[in-house]
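Chemist: Which chain is which? The protein sequence lines are C and R, in order. Just so you know, we're using the working numbering here: the first sequence kicks off at 1 and counts up by one. Just so you know, we're using the working numbering here: the second sequence kicks off at 1 and counts up by one.
Bear in mind the hints are in silico, worked out from the structure with no lab data behind them. This structure is a prediction, so every number in the text was calculated from the model and none was measured. One or more of the hints may lead you astray.
Quick look at which bits of chain C chain R covers, simulated, 3 or more residues with Cβ under 8 Å [what the hints assert, rightly or not]:
no.	stretch
1	47–59
2	83–96
3	111–121
4	335–348
Glycine included, C-beta positions come from ideal geometry on N, C-alpha and C.
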Amino acid sequence: MEDVSFRYENNGNAQNLTDIKLNVKKGEVILLCGESGCGKTTITRFLNGLIPNFFDGKRQGDVYLGDDLISEMPIYEISKHIGSVFQNPKTQFFNVDTTSELVFGCENLSMSVDEIKKRLDCVVNDFKIANLVDKNIFKLSGGEKQKIACASVSAVGPDILVLDEPSSNLDSKSSWDFEHIIKKWKEQGKTVIIAEHKLFFLSDVVDSIIFVKDGKIAEKWSIDEFRNINHRDFGLRQLNLDNLELKRKEYYSNNQEFLELKNFKFNYGKNQVLDIDDVKIPKNEIIAIIGKNGAGKSTFANCLCGLKKSCKGELIFDGKALKRKDRLKKSYMVMQDVNHQLFTESVLDEVLLSMDEEDVELSEDILRNLNLIHLKDAHPMALSGGEKQRVAIASAIASKKEILIFDEPTSGLDLKNMMKVSENLRYLQSLGITSFIMTHDFELICETCSHILHFDDGKIIDNYKIDENKLKDFFLR
Amino acid sequence: MGLELNFNLDPRTKIIILVILSFMVFNDMSLYVSGILVLIPFICLLFSNHKKSALMYIVVYVLAKYIQIYILPTATGLEAIILITFSYTTSRMLPILMMGYYTITTTKVSEFISSMERSNIPRDIIIPVSVVFRYIPSVYEEIKSITDAMRMRGFGMNIKSLKNPLKVIEFYMIPILISAVKTADELSAASLTRGLSNPEPRTHLLEVKLTKVDYSLLAITFIGFGIYAYNFLRGVLIA
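So here's chain C without its partners, still in its complex pose:
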């Protein structure tokens, strides 16, 4: 085996990367961290050859793999040495079935059929994914998809793995599984470079940490040094979730008002995926919905919003029993992919569309309170992810919704943006809105929530006022 090391210099314009010098030794596990847009992803793109092969731009300096210049290698040549896993599990699969995806890289590199079969058996064993072979990728959970992505990259047998925010869509258990995958690679002597916001599952496997700020390498730490710094000072997520403290131990309003859910049941074919008889939830609180992937959280959210016709449940709200269609008027879901719910040509139109009687002044008030007024004429699709989310919230306020449901509002967000989401949620609370948050983000729950609904297997197995020990049991195993 050759001695693999990188040397990477770039003197591009200030917005992108400046003067990055980075040496990675063979077998090291390196974490790249920093705020959103700091240049982490750009660094990974240099490493896997997408710059300059796919993304254009001005470029100075060179990246070496051993003695070879990466920018001079054709990208299929790079792919033999460097494997990449990306953030979005939806768009990194070329195939629709898992087996073809696992061998896709090998087929592209013209390996012999016998060799491919051998490697397929090998990764299926290594990653313990025999149960996932020959499945439709669209039917897998986020964690399973990421496992397939890792296994299929591994099948090619690269020495170096470059991971760009691989865990942003994973629940806490799948994140821990991901730790095992990285450990496995480390045992095999592979070099792993990982860009991430979520840090907690990496503390036992990473060797050194590189903190990127404004396109520059601002700090380098060993893992021991990194454990002792205050992560908040650097705008980073918590490394050890055990250090987190609950911020909202008491209910916001102690007026003892409740929502009551009655008879929420839903079946897919013969499988009952939601089964709730009778549950009381405090009104005007921020309620976290937790549970593993596939525990029935999103089905519950859809039924609560009135989107599932065959769910006959009732919501008792202010003494009235709301049927499906009434709930559709009272509630609103902010989806994980906000792009799906912004339709108009300007932010202001988006808010006006939600009103029965168009009222420009009121709309501008709403936008002002959500810090969007300067963007009122911008096209919603041109905004950043956080701004889009706020536009969706604004349209919900405008249509006088009283129940809001958020689907993973903080997946893939850094500390700063997560805090902003938390602020928005509290603002909604001050307007008297009850919010439900489906989330895997323990840090967000600590900052924001005061009540927990814990789902498992389609049932609410626990319904409690926030409690540190119970939560840590769930999130830290």
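Assemble chain R onto chain C, guided by the hints.
Modeler: Frame of chain C; chain R shown alone:
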């Protein structure tokens, strides 16, 4: 019906049959010829875990044909217009739609690439087409979630959306287009890092071969098409 009877056709067969069936849109043909061609998608669906769609398809088709032959001659007025629209669109379009549905749901992207490469079709054509293949299931998921989003904003099957049908179409198109561009971009980046651009010929774990079933279905299709073409040409020549 046992599972062992199921078969999967070579993607080439599927595409050839699909193209030939498409000729049916252009011309009405005698019942026995169209009967043969209509049965092909039915057989394909029946032997490929789509038994329910196969049966629904054949029932709807027979209904449409029945209306066309026995009811239309005596129907008048508005009733006739509705029946004509229904029976003609169904009997001509449905077989093609079903064959298309079958082709897309039963073809793996890698099978498609491998069979196209065997026919020596250039990569520059194969790769974009296979990306489209790959993208179709995700469009379906996106339409579902956009529909949900619209219903929460009060656009659904109601007066508000009937008043602005164009708006509703626009509301669907914008998110779909945006995500199509994004998906295509990320997908190409991901496939490049996996060596898709390697100029050497790919190898294939799943060998696709033309089997007896392929040949027999192709033979039936060509015979049907031959009779159709013969009748059509004779018609042209006599006229």
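Chemist: Compare the structure with each hint and give your call.
Modeler: Going down the list of hints, with the structure as the test:
Using a Cβ-Cβ cut-off of 8 Å, 5 residues of the stretch 47–59 of chain C lie near chain R, which meets the minimum of three, so the contact claim holds. Here the stretch 83–96 of chain C counts 11 residues with a CB under 8 Å from a CB of chain R, which clears the bar of 3, and the coverage holds. Counting residues of the stretch 111–121 of chain C whose beta carbon lies closer than 8 Å to any beta carbon of chain R gives 6, which meets the minimum of three for the stated coverage. Interface restraint, the stretch 335–348 of chain C with chain R: holds (7 residues with C-beta to C-beta distance below 8 Å; minimum three).
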